[in-house]
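Colleague: Each chain, letter by letter, is given below.
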Amino acid sequence: MKKDSLKQKYLVYKVRQSKDAEAYGNLYDFYVERIYRFIFFKVNSQEIAEDLTSEVFLKTWEYINKTDKKINNLNALFYKVARNSVIDHYRSKKIESYDSDEDLMEKIEEKRNFADEVETKLEMESLQKHLTKLKDIYREVLILRFVEEFSISEIAELMEKSSGNVRVLLHRATEALKNLAGENQ
Amino acid sequence: MDKVIEQLKELRNVRPDRDWVASHRELLLSQITSQATAKPQSVVVNSWFLAKSLMPTSVLKFLARPVGVITAVFLVVFGSGIFGVSASRNSVPGDLLYNVKLTGEKMKVSISNTREQVKLHAEFAAERVKEIEKLVVSENNNNEEKKAKIIVAVNGLENEMKQAQSKLEDAKEDNKDSVVVEIAKQVDAKTAEISESINKNKEQLNELELQKTLIKAQATVEATSVKAIEVIIEKKNKGVPGIDEKALLQSLDQKITNAKEIVKQTEETTKPVETTTVEVSEKTAEVATVETTNIKPIEINIIDSKAAEKTITEAKELLNNGDLTQAIQKVAETAVITTQVIENQETETTVVEPVTSN
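Those protein sequence lines, which keep their order, are chains A and B. This note's numbering applies: residue 1 is where the first sequence begins, and numbers increase by one. This note's numbering applies: residue 1001 is where the second sequence begins, and numbers increase by one.
Calculated from the structure, these hints are not laboratory results. Among the hints, a few may not be true.
Keeping only pairs whose Cα atoms sit at most 20 angstroms apart, straight-line, the calculated SDA-like set for lysine to any residue is [unchecked claim]: (1) A:Lys19 with B:Lys1134; (2) B:Lys1134 with B:Pro1066; (3) A:Lys66 with A:Arg16; (4) A:Lys135 with B:Leu1008.
Derived list of chain B stretches under chain A, where covered just means 3 residues or more per stretch with a C-beta under 8 angstroms from a C-beta of chain A [as the list claims (entries may be wrong)]: (5) 1002-1016; (6) 1020-1029.
Glycine included, every Cβ here is placed at the ideal spot set by N, Cα and C.
Please model the entire structure based on the sequences and the hints provided.
Modeller: This is how it looks when you write it as structure tokens:
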């Protein structure tokens, strides 16, 4: 994942200086899929992922227009806002991630339905199923590293951890996923 | 590479629904546009922020001091006037650049779609109100000239509001329901601001004719807000989700209160016309015939005011019974009657003037 391009910096400048909605629309086009995907793998529901994605774009717009700080990494900003929105969502709804088998099966079913919609392969469904069984932090680090292609240092900044911690987390998460997928047997 | 890692990379194919992405984009832009009241900045400030956004912090720090010194010297030598914002933006009726401003607005409208046109007309109406504010407090010794300029701005305001109403009617047919609802909400909020601002200006004006003109404009502004609520109710009846019924009821209740207030103000401004007619009849026997013709329109006004009050009462009853659709139609009827009352008064005023001069 590259740092913000010059074009993105210019768009952020236009948003901050002239509250240019169309410029923000261009940033939306660039980030909407990633942010949606990031949230989707955390909440396991298409509907909630859509609602939270909407919230992220509104919150980020407000932040950009209110803050006096320089925005060095818009990419990290969007993911941070998304991460916090998911945390707030779970706090407000008092949802325990995977507290019963019944809940888990429901969520897997939702995922299956969505997977059907996007015509992913059966293998992918199975992988998604395994992902839902992982600890939230493992799932997050795997998605950021392998799906969104963030560097270790970028993940460290985003998760507010050291690079060493992220490496350890990534190793453990990969091993846990492999165990679930039966690759280590 | 591990198979599981390869599979993880395949998850990039998980994407949001395309229709959702497109409709949400439009909704988002519509929401943020309502906050997007850009403050005009000078070229120097803009250039500084652009540099700040694009350059790495280290380079910026290195350049900042000498650039700051040079800019300060430049400002001292040449003054800041040349960096001012476009002059036409701040012009008012009577200024040389006022027509440039109006032409620019028309251009914007002509290249926009119906939904954007609704918002633009509401924005331009708010701009006319700002012009009225400036003119009211301006120190112009020529009262007639000042009055004429205020009337130009008020007419412009009415015109923008009527256009907004017409475009809102067109927007009812628009299938992007959520976006239309959002725009209607924004128009409702904007009209509330405009109406409040008109009230402040009315208090500062002693001239009866100007007060009447402003009340008429206010009635048109209220009619626009009623149209906006009508659109929201229609979309709600169509099954559009996310419309807060409680907020809608409160808003409708507010419209009824506003309609009452306008009817009351209209009745109050009718009284001085009646007095003038009596004075004329006492002074000159020849105007006795004219007096009778003058009284008639005032009677019509009183009847119309009563009709307006009746529709308001009916609207309130319908609202209490939860019939939003019929209630808003009654409020709309009140707005039409009130505008007619004021227009009748204007016709009456023009009849009286030549008689008193004889």
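Colleague: If a hint holds in the structure, say so; if it does not, say that too.
Modeller: A quick look at each hint next to the structure:
Taken as a hint, the Lys19 (chain A) and Lys1134 (chain B) pair is broken in the structure, with Cα atoms around 25 angstroms apart against an allowance of 20 angstroms. Of the pairs offered as hints, the one joining Lys1134 (chain B) and Pro1066 (chain B) is violated, with about 40 angstroms between alpha carbons and a cut-off of 20 angstroms exceeded. Pair hint Lys66 (chain A) plus Arg16 (chain A) holds up; C-alpha atoms about 9 angstroms apart against a cutoff of 20 angstroms. Taking the CA atoms of Lys135 (chain A) and Leu1008 (chain B), the gap is near 16 angstroms; set against the 20 angstroms cutoff, the hint holds.
With a threshold of 8 angstroms between beta carbons, the proposed coverage of the region 1002-1016 of chain B by chain A holds, since 14 of its residues qualify and at least three are required. Counting residues of the region 1020-1029 of chain B whose CB lies closer than 8 angstroms to any CB of chain A gives 7, which reaches the minimum of 3, so the coverage claim holds.
Checked against the numbered hints listed earlier, the structure breaks hints 1, 2; every other hint is satisfied.
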